[in-house]
Amino acid sequence: MNLGELHRREYGRILASLIRAIGDFDLAEDALQEAFQAALVQWPEQGPPQNPVAWLISTARNKAIDRIRHRALAERKQEEIAALAELAAPEEDAPVPLDTLRLIFTCCHPALAPEAQMALTLRTVCGLTTEEIARAFVVPVPTLAQRLVRAKAKIKGARIPYEVPEDDQLADRLDSVMAVVYLVFNEGYAASFGAEWVRGELCAEAIGLGRLLIELLPAEREPKGLLALMLLHDARRETRTDADGEIVLLEDQDRSRWNLAKIAEGARLVTQALRGGAPGRYTVQAAIAAVHAQAERAADTDWRQIAALYGVLAALDPSPIVALNRAVAVAMADGMERGLALLETIHLPGYHLLPAARADLLRRLGRRQDAAAAYREALALVTNEAERRFLERRLAEVTAPH
Amino acid sequence: MQYLLLCCSNEKSWADLPAPERDKVMAEYAEWTQAIVRSGHYRASGKLQPTSTATTVRETGGKRVATDGPFAETREQLGGYHLIECRDLDEAIAIAGRIPTLRHGGAVEVRPLEPTPHR
Chain F
0 MNLGELHRRE YGRILASLIR AIGDFDLAED ALQEAFQAAL VQWPEQGPPQ NPVAWLISTA
60 RNKAIDRIRH RALAERKQEE IAALAELAAP EEDAPVPLDT LRLIFTCCHP ALAPEAQMAL
120 TLRTVCGLTT EEIARAFVVP VPTLAQRLVR AKAKIKGARI PYEVPEDDQL ADRLDSVMAV
180 VYLVFNEGYA ASFGAEWVRG ELCAEAIGLG RLLIELLPAE REPKGLLALM LLHDARRETR
240 TDADGEIVLL EDQDRSRWNL AKIAEGARLV TQALRGGAPG RYTVQAAIAA VHAQAERAAD
300 TDWRQIAALY GVLAALDPSP IVALNRAVAV AMADGMERGL ALLETIHLPG YHLLPAARAD
360 LLRRLGRRQD AAAAYREALA LVTNEAERRF LERRLAEVTA PH
Chain D
0 MQYLLLCCSN EKSWADLPAP ERDKVMAEYA EWTQAIVRSG HYRASGKLQP TSTATTVRET
60 GGKRVATDGP FAETREQLGG YHLIECRDLD EAIAIAGRIP TLRHGGAVEV RPLEPTPHR
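Which chain is which? The protein sequence lines are F and D, in order. Numbered according to numbering that gives the first Met the number 0, the first sequence spans residues 0 to 401. Numbered according to numbering that gives the first Met the number 0, the second sequence spans residues 0 to 118.
In isolation and in its complexed conformation, chain D is listed as follows:
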């Protein structure tokens, strides 16, 4: 079963972290990623640029309109994702629980993907 891990954190407090501390977390992050690649859970990953680079597209009155900013203003912002293959939710929760940014107030939403038909 595939799960998408949506990593959310507060962009500002992340930016306010001293550089050596940030480097340390990123090094731990690289280790975490290598570990799930080795264990065979890894499918895909991506780190997003900050929400200041986001553009949201909507349809209003039959017209496509692109506006500056993320689709919703939230206290925590989506900063990256990981797609993993797991036996069940417990395994996915265990893997998500080892993401190093959790220590700095981040949150990880664990979402199962709809199973693809006829796989």
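The shape of chain F in the complex, shown without the other chains:
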């Protein structure tokens, strides 16, 4: 394994164990950076060490000890110098899985702002650089750097613990972790319309985090649902747009290009996540995605099952967006009129997908004039350019002479 690959795969684990040993985010990060730089110089000269991870951990720890010693001597802090003896005592130089879990829970602490949680997780757990994260979120590098500095200062200043929460808190806190992972995934997924590759990388990072959660918390079911959901979406990612970057709807996508391995893994995970009690939000959404992904042709889609699953989801998450999706599924299962009636009950002012959904059901009914009016309504609200072009194409279709 070369150094670059080692950085990508082991950075988070190594950092996690260093933070536990040193008790300071910034110091651990700086020391690890120095250790990687030392490796860059020493390994080609002397040959790589037998256990590169252990080498990096002990080198970084020694660098951190040096720094603390300098600081303590300068400030004549006897107690810090005494504490160093403890830190320098040889301990096993292997990353401990529990440390990674501690790191994830600290980075995703609800006392930090969501965008700070995402940035910190990508920086520390995934080892992305500040520049990479800034590019992925389309924010200036100094803005993102500032966000990281503030978050780390709050962890230290307000003493956000470096711990896996107690059992009675675990469910709530795990929700917050999963929300961060899914936000990262959606950042990559939603913006991969013609945007640079880095944003697609976010999907891969989020899936990696999902795998890590399952490995670290094997008894929890909902992370399995979350990973399944991400895999099932990701399996279709490349067919969602055509060569020109135009939107291709699910029913028109080239199913032969879907990633079958990801679909199979996602479907297997959904089955596991559904077993043993009421499912959570991610699991139900994954189950819906699995029904879609497993239909060989669009016409084979089991809309009745999808509509039923949306009913379950609506009970867990009574949001108008879920109601909108449910209405479309009911239309496909039980007829357009029933779907239209459900759409009437949804209140989503200013949201273009509500008139767009109504337009689509009217179009399927052959009510071309009503459909055109609804498309115009949607066009007045849409902001994304790819979506605008899609709606304009549809409008042209329904207003074209027979």
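Treat the hints loosely; a few may be bogus.
[As the list claims (entries may be wrong)] So the derived list for chain F, only partly shown, Cβ under 10 Å to chain D, looks like this:
hint: 1; residue: His108
hint: 2; residue: Ala110
hint: 3; residue: Lys153
hint: 4; residue: Ile154
hint: 5; residue: Ala395
hint: 6; residue: Thr398
[Stated by the list, open to error] Okay, the calculated beta carbon distance ranges per label pair:
hint: 7; chain 1: F; residue 1: Ala203; chain 2: D; residue 2: Gly96; range: 32 to 38 Å
hint: 8; chain 1: F; residue 1: Glu384; chain 2: D; residue 2: Thr66; range: 32 to 38 Å
hint: 9; chain 1: F; residue 1: Glu343; chain 2: D; residue 2: Arg74; range: 33 to 39 Å
hint: 10; chain 1: F; residue 1: Ile246; chain 2: D; residue 2: Glu113; range: 51 to 57 Å
hint: 11; chain 1: D; residue 1: Leu16; chain 2: F; residue 2: Glu237; range: 56 to 62 Å
hint: 12; chain 1: D; residue 1: Ala26; chain 2: F; residue 2: Glu343; range: 46 to 52 Å
hint: 13; chain 1: D; residue 1: Leu16; chain 2: F; residue 2: Thr240; range: 55 to 61 Å
hint: 14; chain 1: D; residue 1: Ala14; chain 2: F; residue 2: Ala73; range: 51 to 57 Å
hint: 15; chain 1: D; residue 1: Arg74; chain 2: F; residue 2: Arg239; range: 39 to 45 Å
hint: 16; chain 1: D; residue 1: Ala18; chain 2: F; residue 2: Arg387; range: 57 to 63 Å
hint: 17; chain 1: D; residue 1: Thr55; chain 2: F; residue 2: Glu343; range: 50 to 56 Å
Derived by calculation from the structure, the hints in this document are not laboratory data. Backbone N, C-alpha and C fix where the C-beta goes; we use that ideal spot for every residue, glycine too.
We have chain F; now place chain D onto it with these hints.
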């Protein structure tokens, strides 16, 4: 580590609460305070009189000026504080989360104190 819990609530909706309901919340509040005294987290507490009794002092043009009212007009007003000693932020959040006025739309800001040097 010490944390200051700044308890904010809407004075008007608190005043509008029926008296028996208010008494009930205050009884729960006394229980909450006793619990943190027993557990050793308690350092200090205080309930403030309403913002109508507040005076704000500022310096303008080199002169000290005292004016009627709180330093900022907000939807929720600072009504009291608790100083607690906790292991970490999670413990402070857990203690703050049991404050009974939260049920009536109050909010509690949890602020860590700067550590005192050479303690």
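### Evaluation of the interface hint that places Thr398/F against chain D, nearest CB under 10 Å
violated (49 Å)
Is the hinted range of 50 to 56 Å satisfied by the C-beta distance from Thr55/D to Glu343/F?
-> holds (53 Å)
query = Holds or violated: is the Cβ of Ile154/F closer than 10 Å to a Cβ in chain D?
reply = holds (9 Å)
* Would the hint on Lys153/F stand, with a C-beta cut-off of 10 Å toward chain D? -> OK, holds: Lys153/F within 10 Å of chain D, min 9 Å.
Practice problem: Evaluate the given range 56 to 62 Å for the C-beta pair formed by Leu16/D and Glu237/F. | Solution: holds (58 Å)
Do Glu343/F and Arg74/D keep their Cβ atoms within the hinted range of 33 to 39 Å? holds (36 Å)
Query - Thr66/D and Glu384/F - C-beta distance against the hinted 32 to 38 Å - result: violated (53 Å)
Item checked: Assessment of proposed distance window 51 to 57 Å (beta carbons of Ile246/F, Glu113/D) -> At roughly 53 Å between Cβ atoms, Glu113/D and Ile246/F fall inside 51 to 57 Å, so the hint holds.
**Item:** When the least beta-carbon distance from Ala395/F to chain D is tested against 10 Å, hint result
**Value:** violated (49 Å)
Does the hinted range 51 to 57 Å hold for Ala14/D and Ala73/F at CB? holds (56 Å)
Interface hint outcome for Ala110/F [beta carbon to chain D under 10 Å]
holds (6 Å)
Between Leu16/D and Thr240/F, does the beta-carbon spacing fit 55 to 61 Å?
holds (56 Å)
Checked against the numbered hints above, the structure breaks hints 5, 6, 8 and satisfies the rest.
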